[in-house]
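Mind docking chain B on chain A? Use the hints.
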Amino acid sequence: MFHIDALMGVLPKALLGWMGVFIVIMVIIIVIYLFNWIFSKKD
Amino acid sequence: MGELFENVLQIQWQQVVMWIIGGMLIYLAIKKNMEPALLLPIGFGAIIVNLPLSGVVTQVHDGVTEVGIIDVLFNAGIANELFPLVLFVGIGAMIDFTPLLSNPKLMIFGAAAQFGIFFTLSVASFLGFDIADAASIAIIGAADGPTSIFVANFFKSQYIGAIIVVAYSYMALVPIVQPPVIKLLTTKKERRIRMEYSGRKVSKTTKILFPIVLTMITGIIAPKSVALIAFLMFGNLLRECGVLDSLSETAQKVLANLVTIFLGLTVASKMQAEQFLSVETLMILCLGLFAFVFDTVGGILIAKLFNLFSKKKINPMIGAAGISAFPMSARVVNKIGLEEDNQNYLLMHAAGVNVSGQIASVIAGGLILKLFG
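Protein chains in written order, with the numbering used here: chain A, 1 to 43; chain B, 1001 to 1373.
Pulled out of the complex, with its shape left as it was, chain A reads as follows:
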């Protein structure tokens, strides 16, 4: 009934996926801070 092999196969990619969301978000956060710093002076 329970598929341990399937779980073990999926788990690393699932963790990678969640980490991937964090990584992309961190990049976007840095970009926003950069924009706020550059354009808050000019506008």
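Since no wrong hints were added, every one of them can be taken at face value.
Okay, the calculated beta carbon distance ranges per label pair:
1. A:Gly9 with B:Leu1009: 46 to 52 angstroms
2. A:Ile4 with B:Lys1156: 23 to 29 angstroms
3. A:Ile30 with B:Pro1223: 17 to 23 angstroms
4. B:Ile1221 with A:Ile38: 21 to 27 angstroms
5. A:Ile30 with B:Val1017: 49 to 55 angstroms
6. B:Thr1205 with A:Leu16: 32 to 38 angstroms
7. B:Leu1282 with A:Ile30: 42 to 48 angstroms
8. A:His3 with B:Met1001: 52 to 58 angstroms
9. A:Ile30 with B:Asp1245: 27 to 33 angstroms
10. B:Glu1249 with A:Asp5: 49 to 55 angstroms
11. B:Phe1309 with A:His3: 34 to 40 angstroms
Hints in this document: simulated from the structure, not taken from any laboratory.
Note that the structure is predicted; figures quoted are calculated from it, not measured.
For every residue, glycine included, the Cβ atom is placed at its ideal position computed from N, Cα and C.
Below, chain B without anything else, positioned relative to chain A:
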């Protein structure tokens, strides 16, 4: 005389069950005002596709195939991802990213709240769903209709009907699902933490560049998500550019409403009794709730972790707003905050996290397509 009523003898009990389910969805839409724009057409669609030998779905009579209009609409708008993507243009035009752009670090909680998607994917695999179906079920945790439809359709999931109904139902149930989880994971003291809103001004240039750059970053990392993120951000660009107010208004109102009408009815093509009534549908119902609960858990726990290392404490409840159900999740957090302390207005912080959840859920969908597609 017998000819008039011969179809009555074709009614099966499974179809009657689907009529009741369709009726319940219509009741929830009208009486309880739960996502009426989707649940009403889905409910009505569930009834009409489950009438015996219904002409709205494809029937084969004496070797002759008669294509039903619901199947025509499905192939025209869902099978090719058109309806959810066009709807995303409207949704993007509705979203104001200012609370997020004025405090970008809140995006971390949007990312944290996608935990439920990946956890549910693992659990669904453990329970025996194949990877395509497990990924499609897990994306219910994105709490975002177009993303759920897009991903489930990409994987050609046989459970797409159940997935969409469950996704929209739980989105409407956020005010019921989230509060007990929030109260279980936070102390009264934590819920009373006040957060001042600085309301830092965001330049117009930033608001214009944000959707463009976000699309490029996300698209480079997860190319299969370009359609999703691009259509969402295109809608936002229409809003923020300042020179296309009529297009922005059209996208927010006419376009979104038009697509919603067709989307709801068309989803019902996958709600025929033989496809919908199964043990797997019940499991999807449970896994969908699981995804929403663990989205909330992920957001709150990361917020609490943040507080361990930060002098300036944040109210951990705003982590729960990282679920993409906008704006309900933000309102839920604000309401609980005011119940604990009637001077503690968390709405702007929660709204910032909530819109970041919208972005994070699309990124999560894209990464699921990349890693498991």
